[in-house]
Every structure is written in C-alpha cells, then in structure tokens.
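One letter stands for each residue in the lines below.
There are 2 protein chains.
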Amino acid sequence: MQSQKLFVEVTRNNTVESRHFGAAVVCDYKGTVVESWGDIDQLIFPRSALKPMLAIHLVESGASLHYDLNDAELSLACSSHQGEQIHQDLVESWLKRLGLTVDYLACGAVLPECSERTHQLLASGQQGCRIHHNCSGKHTGFLTSALHLKLPLEGYHALEHPLQKSSLAILSDLAQIDLMQYPMGIDGCGLPAPTMPLIQLGLATARFANPVDLSELRRKAIYRLHKAITNEPLYIAGHGSVVSELNEVTKGSVLAKTGAEGVIIAALPEKGLGVAVKIADGGSRARSVALLAILDHLGALSAKEKQKLHDYITPAITNSRGFAVGEIRAASSWL
Amino acid sequence: MQSQKLFVEVTRNNTVESRHFGAAVVCDYKGTVVESWGDIDQLIFPRSALKPMLAIHLVESGASLHYDLNDAELSLACSSHQGEQIHQDLVESWLKRLGLTVDYLACGAVLPECSERTHQLLASGQQGCRIHHNCSGKHTGFLTSALHLKLPLEGYHALEHPLQKSSLAILSDLAQIDLMQYPMGIDGCGLPAPTMPLIQLGLATARFANPVDLSELRRKAIYRLHKAITNEPLYIAGHGSVVSELNEVTKGSVLAKTGAEGVIIAALPEKGLGVAVKIADGGSRARSVALLAILDHLGALSAKEKQKLHDYITPAITNSRGFAVGEIRAASSWL
Chain A
2 MQSQKLFVEV
12 TRNNTVESRH
22 FGAAVVCDYK
32 GTVVESWGDI
42 DQLIFPRSAL
52 KPMLAIHLVE
62 SGASLHYDLN
72 DAELSLACSS
82 HQGEQIHQDL
92 VESWLKRLGL
102 TVDYLACGAV
112 LPECSERTHQ
122 LLASGQQGCR
132 IHHNCSGKHT
142 GFLTSALHLK
152 LPLEGYHALE
162 HPLQKSSLAI
172 LSDLAQIDLM
182 QYPMGIDGCG
192 LPAPTMPLIQ
202 LGLATARFAN
212 PVDLSELRRK
222 AIYRLHKAIT
232 NEPLYIAGHG
242 SVVSELNEVT
252 KGSVLAKTGA
262 EGVIIAALPE
272 KGLGVAVKIA
282 DGGSRARSVA
292 LLAILDHLGA
302 LSAKEKQKLH
312 DYITPAITNS
322 RGFAVGEIRA
332 ASSWL
Chain B
2 MQSQKLFVEV
12 TRNNTVESRH
22 FGAAVVCDYK
32 GTVVESWGDI
42 DQLIFPRSAL
52 KPMLAIHLVE
62 SGASLHYDLN
72 DAELSLACSS
82 HQGEQIHQDL
92 VESWLKRLGL
102 TVDYLACGAV
112 LPECSERTHQ
122 LLASGQQGCR
132 IHHNCSGKHT
142 GFLTSALHLK
152 LPLEGYHALE
162 HPLQKSSLAI
172 LSDLAQIDLM
182 QYPMGIDGCG
192 LPAPTMPLIQ
202 LGLATARFAN
212 PVDLSELRRK
222 AIYRLHKAIT
232 NEPLYIAGHG
242 SVVSELNEVT
252 KGSVLAKTGA
262 EGVIIAALPE
272 KGLGVAVKIA
282 DGGSRARSVA
292 LLAILDHLGA
302 LSAKEKQKLH
312 DYITPAITNS
322 RGFAVGEIRA
332 ASSWL
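If you read the protein sequences in the order shown, they are chains A and B. Its first residue numbered 2, the first sequence is counted upward by one per residue in my numbering. Its first residue numbered 2, the second sequence is counted upward by one per residue in my numbering.
FYI, nobody ran anything at the bench for these hints, they're computed from the structure. Do not take every clue at face value.
As the list claims (entries may be wrong) - Some, not all, of what chain B presents toward chain A, calculated at C-beta under 10 angstroms:
1) Gln5
2) Val9
3) Arg13
4) Ser19
5) His21
6) Glu36
7) Ser37
8) Gly109
9) Ala110
10) Leu123
11) Gln128
12) Cys136
13) Gly191
14) Ala194
15) Lys228
16) Ala261
Claimed, not checked - From the derived model, a few chain A residues whose C-beta atoms are all more than 10 angstroms from chain B:
17) His21
18) Gly63
19) Ala73
20) Asp90
21) Tyr105
22) Ala124
23) His134
24) Gly300
25) Lys305
26) Ser333
27) Leu336
Treat the numbers as computed from the prediction; the structure is a model and nothing was measured. From the three backbone atoms N, C-alpha and C, an ideal C-beta is built for every residue, glycine too.
Generate coordinates for the entire structure from the input sequences, incorporating the hints supplied.
Written out as structure tokens, the structure is:
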C-alpha cells in the first residue's frame with residue numbers, strides 16, 4: 002500500500018471501531034515543506050478545495066467590480082454551500098442581476114446538503130433545483146466572468162472553454178505545475194476536475210494564503226477574496242459546518258475549504274502557510290478532525306478558539322435514541 | 002498502522018481518487034482459516050451483521066412457532082431494512098398481532114434509509130418513526146420472544162435483560178468465545194454492540210452457514226432462518242440493495258448481511274464457509290465491492306450471477322448531470 006498515516010479513529014464506548022488513513026502537508030508560500038505525514042507526492046483530485054482559487058479569475062478579470070459583487074457573493078463564489086435559504090436567495094438575486102435564469106447553470110438539480118432545508122422543501126411540495134447544488138455559487142461566478150468578458154455562456158463548464166482554460170492557468174500558477182499535463186476528470190457539477198500531487202495543493206494553498214510572490218493583479222484579487230470569506234463565512238459553506246465555523250471563529254486567520262472525497266485545505270495568511278489533507282478513503286467525517294489536529298499542532302488555534310470548535314475537534318457520535326455512544330478523534334500517534 | 006490491505010479503489014476518469022483498506026477472512030465451519038487478508042485478529046464491532054444470528058433465539062425459543070411467524074417476518078427479524086412501505090406494513094401488522102404498538106420499540110425514530118420513501122413521507126406531511134429504523138424488525142423479534150417467554154417488555158434492549166443475555170450466549174456459541182469478556186458498546190438502536198476478533202466473526206458466519214456442529218435445536222433454528230431469508234430476500238434489506246440482490250440472485254447459496262461501519266458477512270451453506278469483511282474506515286460503498294470480489298475469487302458466483310450483479314461488482318459513479326464519471330472497483334493487487 003501507499004504510505005498512508007493513521008489520522009483519525011472512530012470509537013464506540015472507548016474501543017476503536019473504524020480508522021481513517023491519509024496524507025497531509027504543511028507548506029510555506031516559498032515552497033518549503035514545513036511538515037508532512039504520509040505520501041505527499043501522491044496524485045489527488047482537490048475537487049472543491051480549489052474553489053477559492055478558481056474565484057480569483059472572477060476578481061482579476063474585472064467581472065466582480067463590473068457587477069459590483071459584494072462580500073457575500075464572492076464568498077458564495079468560493080463555496081460548497083449547503084443549499085440553505087440564504088444561499089438560494091443570494092444565487093437567485095445574483096442570477097437575476099445578470100439577467101440570467103437557473104437554466105444557465107451547468108450543474109445538475111439536486112436536493113440541498115442541509116437536510117433541514119431538504120425536509121422543508123419536500124414538505125412544501127418542492128424539489129431540489131440547480132441552485133441547491135453546492136456548486137451553484139461557483140457556477141454563477143463563471144457566468145458572471147463569461148458575461149463580462151463577452152465569452153459564450155454555452156459550454157462555459159467545458160475544458161475547452163476559455164474560462165476553464167484561464168482558471169486552470171491560474172491554478173497552475175499557484176501550484177507551480179502545468180495542470181494540463183496531469184490527468185483530468187469531470188467533477189460532480191460538470192466542471193473539469195484537475196489532479197495534482199498533494200504537495201502541490203499545499204503549495205497552492207500557501208501561495209493563496211500569502212500571494213506576495215504572485216502578480217499584483219492576482220495578489221489583489223486574492224486579498225479581496227480573503228476579505229470576502231472572512232466577512233461572510235456563512236456563505237462559503239453554511240450553518241453548523243466546520244468550514245464556516247472555523248473561518249468565523251478565527252476571524253480569517255484560518256481560511257479553510259473542503260473538497261469532495263476527503264480533501265480539506267487551510268490557508269493561514271498571517272503565517273504564510275498552506276495545509277492540505279487527503280483522507281485516503283474519501284470520508285468527510287475524518288478530514289476536518291485531521292485538519293483541526295494539524296492546526297492545533299501548528300499553534301494556529303488559541304485556547305478560546307479550540308473551546309469554541311470543540312464539537313468539531315472531537316465530534317460525538319449519538320445514536321437514534323439520542324445517547325452519545327462514541328466519538329471521532331485524531332489518533333494519538335501521528336502528531 | 003495495523004495490517005490493512007488495499008481492497009477497493011474509487012476512480013475518476015480512470016485515475017484513482019480514493020482508496021479503502023480493510024481486512025477479511027474466509028473460515029470453514031470447523032474453524033479452519035481458508036484464506037485471509039490483513040489483520041484478522043483485530044477487534045471489530047460486527048454491528049448489524051449479527052442480526053441473522055440474533056434471530057436464532059426467536060426461533061429456538063419457540064416464539065416464532067407460537068406466533069406463527071412467516072418467512073417474510075423472520076427475514077425482517079434478521080434485517081437492516083430500508084424502511085420501504087413493505088417493511089413498514091409488515092412491522093405494523095406484526096406488532097398488531099402481538100397486541101403492541103410502535104411505542105414498545107426501543108429504537109429511535111428516524112427517516113427511512115430508502116430516500117424515495119423518505120421523500121414520499123415528507124411530501125405527505127409525515128415524519129420518520131421508530132418503525133422506519135432499519136432495526137425495527139429485529140426489535141419486533143425481541144418483543145415477540147419476550148412475550149412468548151413472559152419476560153418484561155420494558156428494558157428488553159438492555160445488556161442485563163435475559164433476552165440479551167441469551168442472545169449473547171448464542172453468539173458466543175457460534176463465535177466460540179465468551180463475548181462478555183470482550184469490550185461492549187451500544188448500537189445505533191440502543192441494543193448492546195459486542196466486539197470480537199474478525200476471525201471469530203468469520204467462524205460464527207461459517208457455523209451459521211453449516212450448523213452441523215451445533216445443538217439440534219440451534220441447527221434447526223438456523224435452517225429455518227436460511228429458508229426465510231432465501232424465500233424473502235427483500236425483507237432482509239430492500240429493493241436495490243446489494244444484500245437482497247445477492248441473496249435473491251444466488252437463491253440462498255450466498256446469505257449476506259451488512260453491518261454498520263464497513264462490515265459485511267456472507268454465509269455459504271453449500272460450501273460450509275463464512276466470509277467476514279471489515280473496511281477499516283467504515284465506508285459502506287467499499288464493503289460489498291470487497292465481498293463480491295472475494296466471492297468471485299472463491300468461485301461462489303456463476304457467470305450468470307455475476308452478470309446480474311454487475312452494477313454491484315463495479316458500481317458506476319454518476320455526477321449531478323447524470324454522466325458516469327468514475328467507478329468503484331476491487332483493487333487488482335490483493336486477490
């Protein structure tokens with residue numbers, strides 16, 4: 002097997018029931034590996050962890066300024082949102098301002114990831130639509146850029162479209178590799194899903210955290226996104242999500258973003274560090290527990306912040322009768 | 002890390018995105034390890050994989066005969082059902098015949114695992130109830146035994162209750178260890194959740210497959226359950242589930258049962274073998290892919306059966322736009 006480290010244990014009455022393995026890297030913005038666990042050269046699909054970096058184009062193209070996007074809209078452009086009412090409302094009003102409808106979104110119709118909202122919708126006789134897709138903010142961002150740059154709206158999600166080419170070029174700049182030379186998949190929402198070695202995701206995240214070595218235009222765009230995410234953390238994920246909570250509690254000193262299949266990153270602007278985690282099995286319950294353990298290890302969380310984030314650091318497992326029967330915790334052996 | 006083997010790969014456009022590790026054992030009913038992968042001495046929680054064995058008590062106590070339980074009800078007693086209408090109807094009519102109501106069930110109220118049924122319920126203004134819990138058939142079985150044996154109904158789910166003691170004694174007989182000497186947790190439905198080494202789960206499954214070495218009463222009870230599950234495979238899980246499909250397609254030559262957190266077993270009555278699989282990370286998508294690969298390796302599936310089970314052997318991953326973007330497959334290296 003590849004070199005994977007035991008990151009997270011799931012217990013039942015203090016006996017370990019399940020184990021999550023993975024790899025992780027902490028890079029600084031100059032490209033130095035500060036710390037690593039497991040095989041960081043392994044090829045991974047960063048998936049939605051790339052969204053804040055994909056939103057750079059929206060700002061540096063001038064589209065954001067032209068359409069006067071506010072912090073909430075820019076945070077939503079970086080988001081995997083939960084499809085709550087606040088997310089739905091903002092995508093709807095943003096699309097309306099663009100003169101577009103939901104039919105322009107290339108992502109598929111789904112029910113919201115927020116189960117409470119899903120239940121509300123179904124109970125009121127409604128179904129999920131494209132706006133409820135966790136990527137609809139990102140897609141609305143791409144449509145905004147396409148309109149501003151007078152590019153075709155049709156096929157904006159395809160690898161051959163200029164928007165995707167520009168976005169992949171920005172990602173390549175951040176990761177300092179040519180992503181077109183690496184395997185490419187298709188994401189859940191239809192967009193290209195690039196791959197890169199895990200170490201490159203750590204580097205890209207560090208350069209997003211401290212973009213001092215990037216062009217001025219790109220640097221300014223990234224600072225604009227930092228501000229937007231910090232000011233509107235609920236729009237990058239949603240209520241009760243670890244990403245929104247972490248970004249809110251740390252007031253922007255940690256900017257985290259999840260990706261499907263067990264990926265999570267954290268940009269630490271003040272430290273100029275990027276953290277990238279891949280849980281081998283793709284389990285979402287393990288990625289944030291591993292990330293929070295690494296952030297604690299790096300001294301990136303104060304005692305007060307850790308107290309506020311306690312339910313995410315060691316989530317309890319409750320059964321159908323409402324009793325706590327176990328917990329999810331960082332394994333003791335790897336830090 | 003413990004000795005875990007790479008069992009299952011999840012791909013995206015033919016590049017591996019995620020990896021599931023685990024351990025598995027094939028035992029015969031005499032206790033010989035026929036084949037194994039990974040650490041089979043590791044302690045695991047078999048969870049719902051034990052349900053068919055927990056139902057032995059229902060038959061050998063005479064409760065099943067007294068209440069004239071049919072094949073569907075006995076299959077349901079062994080089930081992790083999906084909460085479909087057929088499951089709900091049968092639990093309701095069974096409870097009614099016992100003179101009991103849903104309030105006697107110790108499991109908590111939940112929405113069905115079958116999302117179609119969940120959507121139906123919510124759209125018609127209903128909520129999930131205790132009957133929709135995947136364990137409600139097992140619980141109704143316990144209530145049936147308690148009534149027949151004139152044991153208290155209250156607390157029937159507690160470790161101290163005579164029913165649970167008898168059931169754990171039966172499990173101990175099958176696994177040939179004293180389960181009371183091993184760590185014990187609480188299950189999602191409130192019942193005791195015993196642990197055992199993985200090899201013991203393989204052995205217990207093999208002795209369930211061919212119970213010739215057990216007492217006559219126990220042997221007859223197990224054969225009765227084989228017949229019930231074989232005749233009513235939809236009641237042990239549900240439509241579109243790998244367990245029901247596998248049990249149906251093989252006409253009882255494979256009797257499979259899942260357990261939470263990545264566990265799956267298969268009893269092979271004709272071969273007198275038991276297979277037990279634990280996916281380390283608890284991922285449910287990997288357990289059946291690993292089991293089907295082992296069954297194929299053992300020659301337990303005909304070409305025709307494999308054809309019918311193709312969608313479970315290598316499940317496709319489709320995105321929100323309905324396109325196949327990847328697959329879940331057994332890793333090539335371990336068999």
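Each hint, compared with the structure:
1. Gln5: Status holds, d = 7 angstroms.
2. Val9: At about 9 angstroms, which falls below the 10 angstroms cut-off, the nearest Cβ of chain A leaves the hint on Val9 of chain B intact, so it holds.
3. Arg13: Check passed: Cβ of Arg13 of chain B comes within 4 angstroms of chain A, closer than 10 angstroms.
4. Ser19: holds (4 angstroms)
5. His21: holds (5 angstroms)
6. Glu36: violated (19 angstroms)
7. Ser37: violated (16 angstroms)
8. Gly109: With a closest approach of 3 angstroms, the Gly109 of chain B hint holds.
9. Ala110: holds (7 angstroms)
10. Leu123: This interface hint holds because 4 angstroms falls under the 10 angstroms limit.
11. Gln128: Since chain A brings a Cβ to about 9 angstroms from Gln128 of chain B, closer than 10 angstroms, the hint holds.
12. Cys136: holds (8 angstroms)
13. Gly191: holds (5 angstroms)
14. Ala194: holds (6 angstroms)
15. Lys228: With a minimum Cβ separation of about 30 angstroms from chain A (threshold 10 angstroms), the hint on Lys228 of chain B is violated.
16. Ala261: holds (9 angstroms)
17. His21: Not fine: 5 angstroms to the nearest Cβ puts His21 of chain A too close to chain B.
18. Gly63: At about 30 angstroms from chain B, Gly63 of chain A clears the 10 angstroms cut-off, so the statement holds.
19. Ala73: holds (24 angstroms)
20. Asp90: The claim holds: Asp90 of chain A sits with its nearest Cβ about 21 angstroms from chain B, beyond 10 angstroms.
21. Tyr105: holds (14 angstroms)
22. Ala124: At about 5 angstroms from chain B, Ala124 of chain A fails to clear the 10 angstroms cut-off, so the statement is violated.
23. His134: violated (6 angstroms)
24. Gly300: The claim holds: Gly300 of chain A sits with its nearest Cβ about 27 angstroms from chain B, beyond 10 angstroms.
25. Lys305: Per Cβ check, Lys305 of chain A is outside 10 angstroms of chain B; nearest 32 angstroms; holds.
26. Ser333: Nearest chain B Cβ is 13 angstroms from Ser333 of chain A, so the label holds.
27. Leu336: Since the minimum Cβ distance to chain B is about 15 angstroms, Leu336 of chain A lies beyond 10 angstroms and the statement holds.
The earlier numbered hints that this structure contradicts are 6, 7, 15, 17, 22 and 23.
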